[in-house]
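Student: Sequence:
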Amino acid sequence: MYHLDDCRKFYKGKRVLVTGHTGFKGTWLCQILTMAGAAVTGYALEPPTDPAVFRMLGMGEPVRGRGAAGGPDADAPLGTLDSVIGDIRDRAHLQQIFDRVQPELVFHLAAQPIVRDSYKDPVYTYETNVMGTVNLLECVRHTPSVKSVLNVTTDKVYENREWEYGYRETDPLDGYDPYSNSKSCSELVTHSYQKSFFQDRDCAISTARAGNVIGGGDFANDRIIPDCVRAMAAGKAIGVRNPYSTRPFQHVMEPLFAYLEIAQRQYEDRSKEGYYNVGPDDCDCVTTGELVTMFCELWGGDARWENQAENGPHEANFLKLDCSKLKHTFGWRPRYHIREALELTVEWSKAYLDGQDVQAVMERQIRAF
1 MYHLDDCRKF YKGKRVLVTG HTGFKGTWLC QILTMAGAAV TGYALEPPTD
51 PAVFRMLGMG EPVRGRGAAG GPDADAPLGT LDSVIGDIRD RAHLQQIFDR
101 VQPELVFHLA AQPIVRDSYK DPVYTYETNV MGTVNLLECV RHTPSVKSVL
151 NVTTDKVYEN REWEYGYRET DPLDGYDPYS NSKSCSELVT HSYQKSFFQD
201 RDCAISTARA GNVIGGGDFA NDRIIPDCVR AMAAGKAIGV RNPYSTRPFQ
251 HVMEPLFAYL EIAQRQYEDR SKEGYYNVGP DDCDCVTTGE LVTMFCELWG
301 GDARWENQAE NGPHEANFLK LDCSKLKHTF GWRPRYHIRE ALELTVEWSK
351 AYLDGQDVQA VMERQIRAF
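Each residue of the sequence shown is one higher than the one before, counting from 1 in the numbering used here.
Just so you know, the hints here were simulated from the structure itself, not pulled from any lab data. Hints are not guaranteed to be accurate.
What the hints assert, rightly or not - Pairs of lysine-lysine, DSS-like flavour, derived with a Cα cap of 30 Å:
hint : residue 1 : residue 2
1    : K147      : K325
2    : K325      : K120
3    : K272      : K9
4    : K327      : K272
5    : K236      : K120
6    : K147      : K12
7    : K195      : K272
8    : K147      : K327
9    : K9        : K327
10   : K147      : K195
11   : K147      : K350
12   : K325      : K9
13   : K272      : K12
14   : K272      : K325
15   : K147      : K9
16   : K327      : K236
17   : K327      : K12
18   : K350      : K195
19   : K12       : K325
Please construct the entire structure, taking both the sequences and the accompanying hints into account.
Tutor: Set out below in structure tokens:
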């Protein structure tokens, strides 16, 4: 199983560029990379939420060291994070950063990630998710130092027919809503660039299609776990829009460590590049109502939820992933069941609401993983 010590052996001293580093997943990824001793450059807009876990960890400093003194990681390599605020739609600026940093590995997470927001502003969603990917790959094309690229998309890229089996990487791409469709386009752009420009170059390119992630520090709107935490903070019942929708929920560390392994393994052996689903096993694909019921049990007190089904924009009712390819290629397995993932999320969220050191909680959870 791939873990932090594996990361340290490979990523220590590596120049890594992460787009979307100010977001929820991007912040967790940068925390892991800096703990592993990497020299990380982040490129993203200002944090998309307020509060933001990125700010809580002090990651906005010009060049930030991992900085934890003492404790289990006292002798670990110290990585750095150079945070650059920029728009993925601005290719000229992005190229300047590539030219300065000369990254060896690139993780592309920058995106407009909210389904309901994509209905409100489809043009911005397509500009960011499609042309942002084009811009990123153009910069890679003109930067010979890059040896490994991973474009992070979503489980929603597939043509969803509400089937009960998990979608495989060979199933048709065709997201329904503007967000999902734009990420399908991002996949196709990546495939085209890989075949058109990188066949004769020493640079491996893959995409990773991850399920719904949960974990401490997600403050986005229209996501169920952030809604749960906000309701707990306000002493209110949790409102659930789609209690009967099945989703592949997983802790945020599950896909992040999978991304790190894919990027490393294809760096070392280009035959490993490809398209990979990253999601939980079938036993952990639960309905939103089951997820929230579990959350309330773990939170305790008078935590409760109520059905607030509404006639909002279309969202898929049933979605699962078949992760056989990732398991077969890398020997990967999910680490946590859904209840364990929720326990970690509740632990972090309660620490945040109690004013505790959330970075210490995050580092402890990463080491434990």
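Student: Give a verdict on every hint.
Tutor: Going down the list of hints, with the structure as the test:
1. Of the pairs offered as hints, the one joining K147 and K325 holds, with about 22 Å between alpha carbons and a cut-off of 30 Å not exceeded.
2. About 35 Å separates the Cα atoms of K325 and K120, which puts this hinted pair outside 30 Å; it is violated.
3. The straight-line distance between the Cα atoms of K272 and K9 is roughly 19 Å, inside the 30 Å bound, and the hint therefore holds.
4. Of the supplied pair hints, the one linking K327 and K272 holds, its CA atoms being roughly 13 Å apart against a limit of 30 Å.
5. A C-alpha spacing of about 27 Å is found between K236 and K120, which places the hinted pair at or below 30 Å, so the restraint holds.
6. With a CA separation close to 16 Å, the supplied pair K147 and K12 stays within the 30 Å bound.
7. The hinted pair formed by K195 and K272 meets the criterion: a straight-line CA distance of about 15 Å does not exceed 30 Å.
8. Distance restraint check for K147 and K327: the Cα-Cα separation of roughly 23 Å lies within the 30 Å cut-off, and the hinted pair is therefore satisfied.
9. The straight-line distance between the Cα atoms of K9 and K327 is roughly 22 Å, inside the 30 Å bound, and the hint therefore holds.
10. For the proposed pair K147 and K195, the alpha carbon gap of about 15 Å is at most 30 Å, so the pair holds.
11. A hinted pair counts as satisfied when its Cα atoms are at most 30 Å apart, and K147 with K350 does not qualify at roughly 40 Å.
12. About 25 Å separates the Cα atoms of K325 and K9, which keeps this hinted pair within 30 Å; it holds.
13. This hinted pair checks out: K272 and K12 have alpha carbons roughly 21 Å apart, not beyond 30 Å.
14. Under the criterion of a C-alpha separation no larger than 30 Å, the hint pairing K272 with K325 is consistent with the structure, at around 11 Å.
15. Distance hint between K147 and K9 is fulfilled; the C-alpha atoms sit about 17 Å from each other, no more than 30 Å.
16. For the suggested pair K327 and K236, the alpha carbons sit about 41 Å apart, so the restraint of at most 30 Å is broken.
17. Taking the CA atoms of K327 and K12, the gap is about 25 Å. The hint holds against a cut of 30 Å.
18. Distance restraint check for K350 and K195: the Cα-Cα separation of roughly 47 Å exceeds the 30 Å cut-off, and the hinted pair is therefore not satisfied.
19. The hinted pair formed by K12 and K325 meets the criterion: a straight-line CA distance of about 28 Å does not exceed 30 Å.
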